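> Assemble chain V onto chain R, guided by the hints.
So the sequence lines, in the order shown, correspond to chains R and V.
Under our numbering, think of the first position of the first sequence as 1, with each following residue one higher.
Under our numbering, think of the first position of the second sequence as 1, with each following residue one higher.
Errors might be hidden in some of the hints.
The list treats identical chains as interchangeable, and a pair is accepted whether it falls inside one copy or across any two copies.
To be verified - The calculated lysine to aspartate or glutamate pairs, modelled on EDC-like cross-linking and capped at a C-alpha distance of 20 Å, are:
id: 1; residue 1: LYS267; residue 2: ASP525
id: 2; residue 1: LYS388; residue 2: GLU118
id: 3; residue 1: LYS531; residue 2: ASP195
id: 4; residue 1: LYS125; residue 2: ASP195
id: 5; residue 1: LYS388; residue 2: ASP246
id: 6; residue 1: LYS239; residue 2: GLU156
id: 7; residue 1: LYS125; residue 2: GLU386
id: 8; residue 1: LYS390; residue 2: ASP195
id: 9; residue 1: LYS440; residue 2: ASP95
id: 10; residue 1: LYS166; residue 2: GLU156
id: 11; residue 1: LYS125; residue 2: GLU170
id: 12; residue 1: LYS166; residue 2: GLU151
id: 13; residue 1: LYS166; residue 2: GLU144
id: 14; residue 1: LYS125; residue 2: GLU379
id: 15; residue 1: LYS440; residue 2: GLU489
In short, the hints are calculated from the structure, not lab data.
Note that the coordinates shown come from a computational prediction; the quantities given were computed from them, not determined experimentally.
Protein chains: 2
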Amino acid sequence: MVALCHPSLHLFFYPSSNFRSSFYSPYKTPISLPKLCASLIAREEVPEAEEPPLPSSLRGVDRKPSSIPEGAVTPLSVDFNAWYLDVIAKAELADYGPVRGTMVIRPYGYAIWEAIQEYLNAKFKETGHSNMYFPQFIPYSFIEKEASHVEGFSPELAVVTIGGGKELEEKLVVRPTSETIVNHMFTQWIQSYRDLPIMINQWANVTRWEMRTKPFIRTLEFLWQEGHTAHATAEEAEKEALQMIDVYKKFAYEQAAIPVIAGRKSKAETFAGASCTYTIEAMMGDRKALQAGTSHNLGQNFSRAFETQFTDENGERQHVWQTSWAISTRFVGGIIMTHGDDTGLMLPPRLAPIQVVIVPIWKKGNERIGVLSTAASVEQILKSAEIKVKIDNSEQRTPGWKFNFWEMKGVPVRIEIGPRDVANGSVVVSRRDVPGKLGKDLGISMEPSVLIAHVKSTLEDVQASLLQRATLFRDRNIVDVSSYEELKEAISEGKWARGPWSASDVEEQKVKEETGATIRCFPFDQPEGSKVCFMTGNPAEEVAIFARSY
Amino acid sequence: MVALCHPSLHLFFYPSSNFRSSFYSPYKTPISLPKLCASLIAREEVPEAEEPPLPSSLRGVDRKPSSIPEGAVTPLSVDFNAWYLDVIAKAELADYGPVRGTMVIRPYGYAIWEAIQEYLNAKFKETGHSNMYFPQFIPYSFIEKEASHVEGFSPELAVVTIGGGKELEEKLVVRPTSETIVNHMFTQWIQSYRDLPIMINQWANVTRWEMRTKPFIRTLEFLWQEGHTAHATAEEAEKEALQMIDVYKKFAYEQAAIPVIAGRKSKAETFAGASCTYTIEAMMGDRKALQAGTSHNLGQNFSRAFETQFTDENGERQHVWQTSWAISTRFVGGIIMTHGDDTGLMLPPRLAPIQVVIVPIWKKGNERIGVLSTAASVEQILKSAEIKVKIDNSEQRTPGWKFNFWEMKGVPVRIEIGPRDVANGSVVVSRRDVPGKLGKDLGISMEPSVLIAHVKSTLEDVQASLLQRATLFRDRNIVDVSSYEELKEAISEGKWARGPWSASDVEEQKVKEETGATIRCFPFDQPEGSKVCFMTGNPAEEVAIFARSY
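The shape of chain R in the complex, shown without the other chains (with noise of 0.2 Å):
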């Protein structure tokens, strides 16, 4: 296995142009800095290798090639797409479905999405939602009476037509999103403005007949979570779109440490139905875009068509306004190409399923029994402050496989604990995020509260280090452009063009067409001044974001 540096390291400490980088950062997670950039920076200066640096080879852990399991992945930088799919093969996060297009999700994966939903499924009882559940086979009619929805979803659907033996006598939808029947129960459950708001969300998995498919990040079903509320005023459903943006927006700094940049949809890249959808987009480390969470405001779209109406306290009937908003299993991708580098998976701790791994290492017969115990204790101690650890004591495999396996894996932080540790009443402590001797402490002592505060520690300036290289690799990607012929250029370079919009729904289908390039958003920070829209040399108001994505 070649362990290449990332990329794009280098281009960490290059300041960016027009925009400081912590514009762009409305999140400021306190951050260890002069620790994590010591690290970077040393990071930075090891001369670029052929062979992978040994982290252990200190004490003479078998690191070589021959022993990584069942082979390396593809170099990141090598063919990013070939990168994507070895590790999800290799850490075993999912499978291919025996239907084209579909997933297995495997267990190390799906602890991914549950800690993904566990947050998510908390957060949303705070801001006033209850789950329920609505049924996934839709009457085809539905489907075709809200006019832009009809036109998005059509080509998509998957439909039942034999149900027990039989032809039915009207096709089924199989849900690609559930807005048209949960309008259509809305209608028979809201009379008053006293029945409203409603605010509601489902998890569950949705169905769309893709062509191009890739794991994760498109495939014909997913699971997902789906808001939808139900308003008595427009400026009630905008209130709550741009929150739920804004719930998305946290969980992904703080959680996944992605620095997405929030914003609106263009008109085009509107969804569906909606009046105006808010979007959250992610930088992969292809520097593609990935739209990674959405909050739409529905206006009276659904309303109208459903007949969704309620008497008004002055008892006029009105259409309710309404709103929905998902997150999915693509976010699981987002953070795999974010984070992944050439050794493989790297998680932020704070979805990580196993935060921290044990790996026990003994020679001789006489240190196994010593070096097994203090394992058992250290993964107690650590289990005791609600640390997710896991001990990999199998004899099966030798120390570096396991180094190299839960490398791959992407745990954050990993402990290593020898027949000298033992003696000395210590660990080492080595970070998934900063290889070689940089990442290890050593001689950590295992008095348990001195050992508990250095993992926790350690697991946090990893996740701040995630979201600070994020955004640094992210910054150095947008090129702000005053010009046509600079947005062709920036992107043909794979990076992501920002520079001042007002031009027509046409011109923006002809940036895409001659680019590859959408406007992922308008984003909500926006530079001060007055501003040229780059293309027709009219006022603009806003800039916009264009990019490749997914």
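Okay, now just chain V, sitting in the frame of chain R:
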């Protein structure tokens, strides 16, 4: 609303004939018997009344029938099915979906399912299982691979024939259960004995095209968990299948307060594709049986059909031994039909989304602020003890309306706070399961430690009381039979019949045709001594339980 006494309460105090009631209650949850029995007996002694008891008559709360929210439910004794559907509608548990036989699970009903999930999910992980997710679309050909599986499921399939606007080459089944696709994947993941056991679970929706549907009990689409395991030996698989039915049984007793009978299915009632099915059978309020959870020993049936093989320690190729096990949203229906009464739903505290509702009561405007602020501080006190509490301080409804509403919703404990309570620093605590004065504790101090202890102990009393009532009801309605005539009589009275059985499948079918009853199970708990089959007069090894069922 006419609140009749539970139709079978009078049956509680007659001793069972051959079997002591404790014989079939292996989970002897500690119950504070003297107090409980006192309340039961006291309830028993209340003469049947045309009018409901007025638990709040002391304070002049209006409980006249006219104040009942959206009308009362059909009395349980008049029409059990209508009562069930009324409770589901009025307690806002579920609604009908637009497609025949589908159900929308509303927030309150879904919250019960979430409580079930929370408990079981933790137990599955404790017993070594990981969650994952398999696609719901299964190639039609998979279903046909296991002979008895296709026979059992093909009449119930929903089939997708169109995807992305085109007729599909191979039709896709919307999963009715996942054994086939699970085995397809296991075959790829399992090579050697080192890969075993595999122990996984998924929370998912499944589809069965049922002709006669009923909310929660039998719907076209339902939610469930399905566990799937693969083992190297027959013994391990058998142990696993038994372990999981025991997890379900403990859940039913300890969380849902449902005294299920666990046992083995007859051959005719075994899951399509299993070697052996274990079940927990619950007696509903109308004395029909509900199959509330099953665990299957699949033997090598699916591994032979899908060639799921491993190399054992001797280098020999063997087929794996498997299990699968499931509990579904049907269980919510079981809770409703076990504990509900003419006042509505009655929830076991451990699964209740709201354990305590606080109803503030005031008449004069100057009492309002004091009552509301006291209610809010009581709410905070209970929240601090992790009691699930809700305060109903809406001003659009009277206290009487609220009493009825939250009783309909089955909230186990109500706290009433009026101006006199504020002055005295005390509250009134009322139990949902004991109507009238007998269920009321007056003058409970608001001092946090006193109040918390009192509420917690009341919740535990309600939990234990529900299990005790249901157990007494069950045992009074199981008749030990020693002839077919006795069985016919018991079944015609709506009871369960239990008797020694060693007759043939043909004779089992005859019983079904002539009485409507099926063998629910051969219970694990068997009476001692030699037995004679009540049908044939031949020796019998076991007693079987016969009943009409859902």
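> First find the shortest C-alpha distance between LYS125 and ASP195 inside one copy, then the shortest across copies, and answer within, between, both or neither for a cut-off of 20 Å.
Cα proximity of LYS125 and ASP195: one copy only (19 Å, versus 40 Å across).
> Up to 20 Å between alpha-carbons, please classify LYS239 paired with GLU156: within, between, both or neither.
neither (31 Å within a copy, 45 Å between copies)
> Which holds for LYS388 with ASP246 at a C-alpha limit of 20 Å: within a copy, between copies, both or neither?
neither (28 Å within a copy, 28 Å between copies)
> With 20 Å as the alpha-carbon cut-off, assign the pair LYS166 and GLU151 to within, between, both or neither.
between (29 Å within a copy, 16 Å between copies)
> How do LYS388 and GLU118 come out at 20 Å by Cα distance, when the copy is not named: within, between, both, or neither?
both (15 Å within a copy, 19 Å between copies)
> At most 20 Å between CA atoms: does that hold for LYS166 and GLU156 within a copy, between copies, both, or neither?
between (24 Å within a copy, 10 Å between copies)
> If the cut is 20 Å between Cα atoms, do LYS531 and ASP195 qualify within a copy, between copies, both or neither?
neither (45 Å within a copy, 62 Å between copies)
> At most 20 Å between CA atoms: does that hold for LYS125 and GLU170 within a copy, between copies, both, or neither?
Classified as neither: same-chain Cα gap 37 Å, cross-chain 42 Å, threshold 20 Å.
> From the Cα coordinates, with 20 Å as the cut-off, is the pair LYS125 and GLU386 best called within, between, both, or neither?
between (23 Å within a copy, 16 Å between copies)
> At most 20 Å between C-alpha atoms: does LYS166 with GLU144 qualify within a copy, between copies, both, or neither?
Close across copies (18 Å), not inside one copy (24 Å); limit 20 Å.
> Regarding LYS390 and ASP195, is the shortest C-alpha distance of 20 Å or less found within a copy, between copies, in both, or in neither?
between (49 Å within a copy, 18 Å between copies)
> Within a copy, between copies, both or neither: where do LYS440 and ASP95 come within 20 Å Cα-Cα?
neither (33 Å within a copy, 58 Å between copies)
In this structure, the earlier hints numbered 3, 5, 6, 9, 11 and 15 are contradicted, and the remaining ones agree with it.
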